[in-house]
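S.K.: One-letter residues, chain by chain:
2 protein chains.
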Amino acid sequence: MGRNMSYEKFIDEVKTYSRIQAIQGQLSWDQQVMMPPNGANARADTLAWLSGRAHETITSKKMGELISDLEKNLSDLDDDQKTNVLEIRRTFDKSTKLPAEFIERFTKTQSKGMGVWAKARKNDDFNMFAPILTELVELAREKITYLENGNTPYDTLLDDYEVGLTVDYLEPLFAELKTGLIEILNKIMKTKKHQLAKLDMTFPVSNQEAFCLKISEQMGFDFNSGRMDTSSHPFSISIAAGDTRITTRYDENEPFSCLYAVMHETGHGLYEQGLPDEFALTPRGTAISLGVHESQSRLWENQIGRTEEFWKYCLPLFQKEFPEFPKSIDPAQMNLIANQVEPSFIRVEADEVTYNLHIILRYEIEKKLFNGELDVNDLPKVWNEMFKEWFGLDVKDDSTGVLQDIHWSMGAFGYFPTYTLGNLYAAQLFETMKEELDDVNNMIEEGNWNPLLDWLRKNIHEKGRLYNPSDLIKKATGKIPSSGPFLKYLNEKYSKIYGF
Amino acid sequence: MGRNMSYEKFIDEVKTYSRIQAIQGQLSWDQQVMMPPNGANARADTLAWLSGRAHETITSKKMGELISDLEKNLSDLDDDQKTNVLEIRRTFDKSTKLPAEFIERFTKTQSKGMGVWAKARKNDDFNMFAPILTELVELAREKITYLENGNTPYDTLLDDYEVGLTVDYLEPLFAELKTGLIEILNKIMKTKKHQLAKLDMTFPVSNQEAFCLKISEQMGFDFNSGRMDTSSHPFSISIAAGDTRITTRYDENEPFSCLYAVMHETGHGLYEQGLPDEFALTPRGTAISLGVHESQSRLWENQIGRTEEFWKYCLPLFQKEFPEFPKSIDPAQMNLIANQVEPSFIRVEADEVTYNLHIILRYEIEKKLFNGELDVNDLPKVWNEMFKEWFGLDVKDDSTGVLQDIHWSMGAFGYFPTYTLGNLYAAQLFETMKEELDDVNNMIEEGNWNPLLDWLRKNIHEKGRLYNPSDLIKKATGKIPSSGPFLKYLNEKYSKIYGF
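Top line first, the protein sequences correspond to chains A and B. Note that the first sequence covers residues 1 to 500 in our numbering. Note that the second sequence covers residues 1 to 500 in our numbering.
Hints may be right or wrong, so weigh each one.
What the hints assert, rightly or not - Residues of chain A clear of chain B, computed beta-carbon distances all greater than 10 Å:
{"no.": "1", "residue": "26"}
{"no.": "2", "residue": "137"}
{"no.": "3", "residue": "178"}
{"no.": "4", "residue": "191"}
{"no.": "5", "residue": "201"}
{"no.": "6", "residue": "234"}
{"no.": "7", "residue": "320"}
{"no.": "8", "residue": "345"}
{"no.": "9", "residue": "484"}
Claimed, not checked - If you only want the chain A side, here are some residues facing chain B, beta carbon under 10 Å, derived:
{"no.": "10", "residue": "53"}
{"no.": "11", "residue": "242"}
{"no.": "12", "residue": "401"}
Stated by the list, open to error - Quick list of the computed label-pair ranges, beta carbon to beta carbon:
{"no.": "13", "chain 1": "A", "residue 1": "438", "chain 2": "B", "residue 2": "103", "range": "55 to 65 Å"}
{"no.": "14", "chain 1": "A", "residue 1": "217", "chain 2": "B", "residue 2": "119", "range": "24 to 34 Å"}
{"no.": "15", "chain 1": "B", "residue 1": "190", "chain 2": "A", "residue 2": "206", "range": "45 to 55 Å"}
{"no.": "16", "chain 1": "B", "residue 1": "329", "chain 2": "A", "residue 2": "317", "range": "41 to 51 Å"}
{"no.": "17", "chain 1": "A", "residue 1": "51", "chain 2": "B", "residue 2": "103", "range": "20 to 30 Å"}
{"no.": "18", "chain 1": "A", "residue 1": "51", "chain 2": "B", "residue 2": "377", "range": "49 to 59 Å"}
{"no.": "19", "chain 1": "B", "residue 1": "218", "chain 2": "A", "residue 2": "119", "range": "29 to 39 Å"}
These are computed hints drawn from the structure, not numbers from a lab. Being a predicted model, the structure only gives us computed values, none of them experimental. Glycine included, each C-beta is placed from N, C-alpha and C at the ideal position.
Pulled out of the complex, with its shape left as it was, chain A reads as follows (with noise of 0.2 Å):
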């Protein structure tokens, strides 16, 4: 068979493969947006189907020769068909490896775990979701041993959810940013700037859903190639080429974790909507990784979003949604709004200086139970120990503690870390976008952000998995990622804003 046959060959394959996915996607989606309650148990059946037939593809006969027949030769193909030739092997290797029987034994204790997890969050009970946590625990350890894949055990689990991620690599990250991030901290609670009056006013939901499309759009989001709805939990899902949906939540009495929460989305959103069509259904147009995805959100998020340049451009438009809004508040203290910096209990409620001391004690703790220094059983009180000497708040009950990430419950160990190095990659990108074109400041506050977009597009989307995601920061900054950017970002914004 000659070259481009095969090659063609298996393109067909792997498009099979990504259309199931995308399928299941598309039923995902309407899972959390659409379907009525009475249509879960059948739902949940046809995505265990789906399931059942992905795996079926990727681990196929046909798709093991097919690689092994190309890979005879890969000096034959181009960066973009050898790009999806390696991306599969990956992938079939991974899916070969963990027997189909232990995936099943996996999903169903995910499915009770997540169960078993809600009703111990809402009694505040870890004891009741210790034993089904211990069994995730194993059976991430069993994982583990399928896949092998790193110095440590905790290393295989990293790369699972980032490619290429070890312990060596966060290491020194984390160490400098920990350092960091508690050093600015204690400059902010010294000021006294960061408490502010409660709005005493309503966000009526049609008006915020206005304003938050306008800034998605304003941002580059293609409303004839996407969607924007609601859902209890904000998420983005590319469906297909041409299809991107984000959702978000709302709040009548403030507005801001809406706006953010949109601006966000709609940063993932734009990543999948600059992928290369041409490549659809195949890892060459596929986003590279969790990290990068998180530092498409995050960069306009808060780089863009949570700066006073923004609220120079956006506040009219604001305004405009809200006429009963103090007129006396201006674009300084809108930005003031939006960067309240507090130790607190929660993750996702937390600012971008806490958030992620929350995501390195997590990191911490995981890489313990996974290197056999940590038992399942004093999770709570070394979760609370920790929380005391890093936040110098005293956990009062575990569903605010141990208990708030639904993420363990799900068996997804290793997962976390992939929000923190967004974080940084955002700001490494942003330091490089700034370098690199003009007056960035202005062109935020000017609402001219197609530039911005256009560099992300340039530098990131478009490059889908052609290199891992180091490498693509690498490339796109000069420099390795590091801890400095965000520190200096921090730094910068903050002694600003609270002037210290």
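Using the hints provided, position chain B relative to the given structure of chain A.
M.R.: Using the frame of chain A, we list chain B on its own:
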């Protein structure tokens, strides 16, 4: 292999087939209700791919062997199981008879046909449509040679949409119907009462939606197992057990077309929600035919919804949503508004009397086309002549004449008669319901609609595909289907409204 085990294996395969179709249904709902425009190409590809998988599954060697194996000892199976084997045998035979190559050719010509038709209708140019229509007729003729099932070529097409339907079955029904309809129409047209002043107010979409949701709920539609949305053409679809969706559209100038669309689609939806969940994803738990489905929608829309009793109950709810609506209009007048009869050009806008004349006209034309008595190019001439003779109207342009319906552009010849069957079945069912329940008129007037739904559940919905359409109607009503009950219903209704 034991009987039970082979039946289980068979059902597994059947469920896979149904599951793929259910996924197609979900994607198709999304396509019509949610999908952003630029998602269209990818969605079409995915739907075509799923069609291929469904065809593969139903025509597989495995499926054929499982069916044959069970057929050897049919008497070992209970009625539900027999229904599943026989119905899947029918689908298997039909699907295997059609070559994959033919299906592909047909599907492509359909897509092209719909595109050309839309343009031709817009440009009011039958000649633009004639070549592709000729192709579609040829393809339908080719389909007839594969399926061959019935005395005449047209019989094969009829049976494709309504199992067991033949020209011999329709001829006496339609002959009696046509004569009766023309008589009633003449009587109505002699009165002056059918001319009503236009309402000079607007009906906001949100109030129409609230009113229609109330009516749909009152009919018994379970919104925990369904939802209502907006689309350019109202439709209903069952996505899974516990997930049935209906759509409507809004016209701010008049609320009636939306209301009756919702009642119509709710009628379809109630049939789907009433199918036995225990037989989900198998023929036993599936609606039997288009004609029976239409009987459910029409019964709620017309026999129940277009009555004075209905308005006695609903007018206060209506007035609550539309406080500006003239208080002087009473239920009898509302009913007159809802029952205006007049010959007109467009089928989908036609009243209960003239609607079926539109259908019989199409039936006569299709019959001639496929039994070799009419050429595609003569269609406009024949259409206009018949229209003048039957409706007394001069067709001014093909877009309101022979080009008005989408069906032929999709190669759907033999589909139209199922609409009229639905109307006849609805009247026959309602007649029996009135005999068997105490005072149906009073129930309607008091909003006590549960017993009506229960009767339909018991006599139609729960039966799934246990009986073929005409047997099902006979079992429910004690009589073979005829035009009598429908004509009687029209005569009684319109003589009262129009006083003849």
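S.K.: It remains to establish, for every hint, whether it holds in the given structure.
M.R.: Right, here's what the structure says about each hint:
Not every C-beta of chain B lies more than 10 Å from that of residue 26 of chain A, the closest at about 6 Å, which undercuts listing it as non-interface. Every CB of chain B lies more than 10 Å from the CB of residue 137 of chain A, the least distance being 34 Å, so the non-interface label holds. Against the 10 Å criterion, residue 178 of chain A stays outside the reach of chain B, whose nearest CB is about 43 Å from its own CB. Against the 10 Å criterion, residue 191 of chain A stays outside the reach of chain B, whose nearest CB is about 46 Å from its own CB.
The Cβ of residue 201 of chain A sits about 24 Å from the closest Cβ of chain B, beyond the 10 Å cut-off, so the non-interface label holds. Every beta carbon of chain B lies more than 10 Å from that of residue 234 of chain A, the smallest distance being close to 18 Å; the non-interface claim holds. No beta-carbon of chain B is positioned within 10 Å of the beta-carbon of residue 320 of chain A; the least distance is around 23 Å. No Cβ of chain B comes within 10 Å of the Cβ of residue 345 of chain A; the nearest lies about 35 Å off, and the non-interface call holds.
Every Cβ of chain B is farther than 10 Å from the Cβ of residue 484 of chain A; the closest lies at roughly 40 Å, confirming the non-interface assignment. For residue 53 of chain A, the interface hint holds, the least distance from its beta-carbon to any beta-carbon of chain B being 9 Å, beneath 10 Å. The interface hint given for residue 242 of chain A is met, as the beta carbon of that residue sits about 3 Å from the closest beta carbon of chain B, less than 10 Å. This hint is violated: residue 401 of chain A has a C-beta 35 Å from the nearest C-beta of chain B, more than the 10 Å allowed.
Range check, residue 438 of chain A to residue 103 of chain B: about 58 Å between beta-carbon atoms, so the 55 to 65 Å window is met. Taken as a hint, the range 24 to 34 Å holds for the pair residue 217 of chain A and residue 119 of chain B, whose Cβ atoms sit roughly 32 Å apart. For residue 190 of chain B paired with residue 206 of chain A, a C-beta distance near 52 Å keeps the hint of 45 to 55 Å intact. Evaluation of the 41 to 51 Å hint for residue 329 of chain B and residue 317 of chain A yields a pass: the beta carbon distance comes to about 45 Å.
With their beta carbons about 28 Å apart, residue 51 of chain A and residue 103 of chain B fall inside the hinted range of 20 to 30 Å. Checked against the given bound of 49 to 59 Å, the beta carbons of residue 51 of chain A and residue 377 of chain B, roughly 53 Å apart, stay inside it. Against the hinted window of 29 to 39 Å, the Cβ-Cβ separation of residue 218 of chain B and residue 119 of chain A comes to about 37 Å, which satisfies the hint.
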